[in-house]
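Participant: Could you put together the complete structure from these sequences and hints?
Those protein sequence lines, which keep their order, are chains A and B. Per numbering that gives the first Met the number 0: the first sequence = residues 0 to 426. Per numbering that gives the first Met the number 0: the second sequence = residues 0 to 291.
FYI, nobody ran anything at the bench for these hints, they're computed from the structure. Built from N, CA and C at the ideal position, the CB exists for glycine as well. Warning: the hint list may mix true and false statements.
Partner residues are not named here, just some residues of chain B that face chain A (Cβ under 10 angstroms, in silico) [stated by the list, open to error]:
{"no.": "1", "residue": "43"}
{"no.": "2", "residue": "146"}
{"no.": "3", "residue": "147"}
{"no.": "4", "residue": "202"}
{"no.": "5", "residue": "235"}
{"no.": "6", "residue": "236"}
{"no.": "7", "residue": "255"}
{"no.": "8", "residue": "256"}
{"no.": "9", "residue": "257"}
{"no.": "10", "residue": "265"}
For reference, the chains in residue letters:
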Amino acid sequence: MKRISLVLLVVTLLVTIAWAGGKQEEKGTVYLRMYYPVGVAGSLAKLMDEMVADFNKSQSDVYVESIFAGGYRQAMEKAQTAFMAGKPPELAVLDAPTLYTLRDIDSIIPLDDFIAQEGGDAYVAEFLSAFMEIARADGKIWSIPWQRSTPIFYYNRDFFREVGLDPDTPPATWAELVEYGKKLKKVDSSGNVTRWGVEFAINFWLFKPMLLQAGGELDNEAGTKLSIDTPESKEVFQFLLDMAHKHQIMPAVKSWAETVSDFIAGTTAMLYNSTGALTSIRNSIKYDFGTAYLPAHKRQVCIEGGGNFFIFKTDERRQAAAWEVIKWMTRPENTARWSLGSGYIPVKKAAFDVPEYKKYTDEWPQALTAYRQLSEVDTERNMMTHAVNEIVVLVDTTTAEILGGADMNATLKRAQAEADKILEAFQ
Amino acid sequence: MNRFKAIKPYLYLVPAFFFLVIFTYYPIFRALYLSLFKWSTSYPVKVFTGFSNYADIFTTPLFWKVTQNSLIYSVSTIVISMSLGLFLAVQINKRIRLSTVYKIALFYPTMIPMAAASLIWMWMYIPSYGLFDFFLGKLGIPSMNWLNDERIALRSIVAVGVWKYVGYYMILFLAGLQNIPASMVDAAIVEGANNRQRFFFVTFPMISSYTFFIFIINIINSLQAIDQVYIMTQGGPANSTNLIVYYIYEHAFLFWNRGIASTLTTILILFLLIFISFIFRSIGKRVYYEVE
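Facilitator: As structure tokens, then:
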């Protein structure tokens, strides 16, 4: 009896393994794995899985398994690790500035040949040009825009009305931001803050536009230099410190996700965050809120951001299949669908004329704030350097240290030395 | 046939030995080997550099900060969880009614995966409207920035570490307490020892083998802490919760600096080896094991 059950167990095991293995590559169907991150608030994993399922249903040549990979940092970790282990995902959505690092480890392929098949420059012209700059290196195009955004300014219109501010006039300058913040901040009887004027998360993506607005620069075009110890840098940090300690309208240190849930909960009246959180905020918040361009300073400028599709080096068949996925996902109706469900900006010009999208933006013009900011305001490229993971950690840690109370000059000096050391091999 | 009988014991050991070599010894020696190379995105082909990685690390202020954080974390979790575990075990040992309820209630955190627990704790720690600040607010205490304030973030992480394992240590201590021969306790009472004297001169020495075991396990657990850090703070804010294993993880899988990651691993292994053998030789000698 014991022997029979043992044999049965082994046979079942073998059959299961064979069946599971076989499932992956049915005759003719190319099986792809796609890693994707969700870097903003919202049930975007669900939307992504639904869209991928629709792609799979629409044809039978390619089958994509969409694999949620956490935030941008975790997705990059996962993709790098898989590549280093010799089994890269065929396709991945990764933060666009990871381009130089992905090329440094020789993990991705240029997309010019595929683009040529679709019509070359004419195809590229279908995309919003502001999103293509970060995909270019060495005269080639390496990624295709997918979930693209700009930082935008969110504000609670109910609170504005409550303190006597015009709900249709958000702050347009840094000075106005402080002024409004002071009015909006609420303190209870024992002196504890129940509502902050504004919240600004520790994140290089929010730091860079402030730096640009102060007239400074952060990374160079080639991604080989990071300038963090500059007078403009100090101006930005001093401004943030003043908002936290002098005017006391902002908590000094907050994480990205917390600031969004605080805005939804009403413990902050104004917020700097991505347009990608727009739909989630709209669905969760009980207040009347508005969106606006980032308050300006010496310059009115913002940056683009978000994730692009990258095709990893595998074999010709799978690379071509991955390109089919990208083409389908970036069709005007699909990028419009993604934008509707998330708040990200559609990546193709034609998407704005898709009927559902037109209806959505006619009913709710707020949805177009990020796109209008992209077009009407000077928009620069996201921060992109070599050794992108180390540099991102460095900038975020430096910001956290200074806002946490460390001496600004000493910290910036150290950070600059560290950045130079990290990038020294790439000069 | 005799020959076979002689080798048989060794054959049984082969599978276990196989796994030991592949998953323990080989990685240790490979880490030692790779620590002598520069191998990262700046050096895609590994370059032999001798001990320069070590020199590099020992002159990096962040390494010392991480070491300090890890030591604070370890000492705090060990002291708090062991004394709390022992205290709870002693209390539960006295009361037999409802002891099962207490045992289950205190032990269940051990069964929850640390990653899942960290997510829940993260929500509880949210300022203003997270569970803790919500109740503190009702008592009139201002909301604390549990995970974002450099000065208290590490303590918040310690709290999670203690909560996770205190039940486990308590159960172990309980087993130890229940193994103390009743005759010894009675003899002490007869001799006129009060509660405190009974505890320090009879109870505590008799459970010393359990205490020693828990101490070693605790050291290992606390120095391996990474789940809470990865999920709740990612080493922040400003590296105040950057613990050694997280630091190694960052270098290995985020920065892909395999040379430095191997060096850090080797340093950690050597430290643990020396420290644990020192513990065994000093305190270990004074542990009481039951004599038949």
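Participant: Taking the hints in turn, state whether each one holds.
Facilitator: To see whether the hints hold, each was checked on the structure:
A cut of 10 angstroms between beta carbons decides the hint on residue 43(B): the least distance to chain A is about 7 angstroms, and the hint holds. For residue 146(B), the suggested interface contact is upheld, since its CB lies about 8 angstroms from the closest CB of chain A, less than 10 angstroms. Here the hint on residue 147(B) is kept, as its CB sits about 4 angstroms from the closest CB of chain A, short of 10 angstroms. Nearest Cβ of chain A to the Cβ of residue 202(B): about 45 angstroms, over the 10 angstroms cut. The hint is violated.
Hint status for residue 235(B): holds, given a least beta-carbon distance of 6 angstroms to chain A, under 10 angstroms. Here the hint on residue 236(B) is kept, as its CB sits about 4 angstroms from the closest CB of chain A, short of 10 angstroms. The interface hint given for residue 255(B) holds, since its Cβ lies 6 angstroms from the closest Cβ of chain A, which is under the 10 angstroms cut-off. Against a cut-off of 10 angstroms between C-beta atoms, the interface hint on residue 256(B) holds, since the closest Cβ of chain A lies about 8 angstroms away.
Interface hint status for residue 257(B): upheld, as the beta-carbon distance to the closest one in chain A is roughly 9 angstroms, under 10 angstroms. Residue-level restraint check for residue 265(B) is violated (minimum Cβ-Cβ distance to chain A is 20 angstroms; threshold 10 angstroms).
The structure does not agree with the numbered hints 4 and 10 stated previously, though it agrees with the rest.
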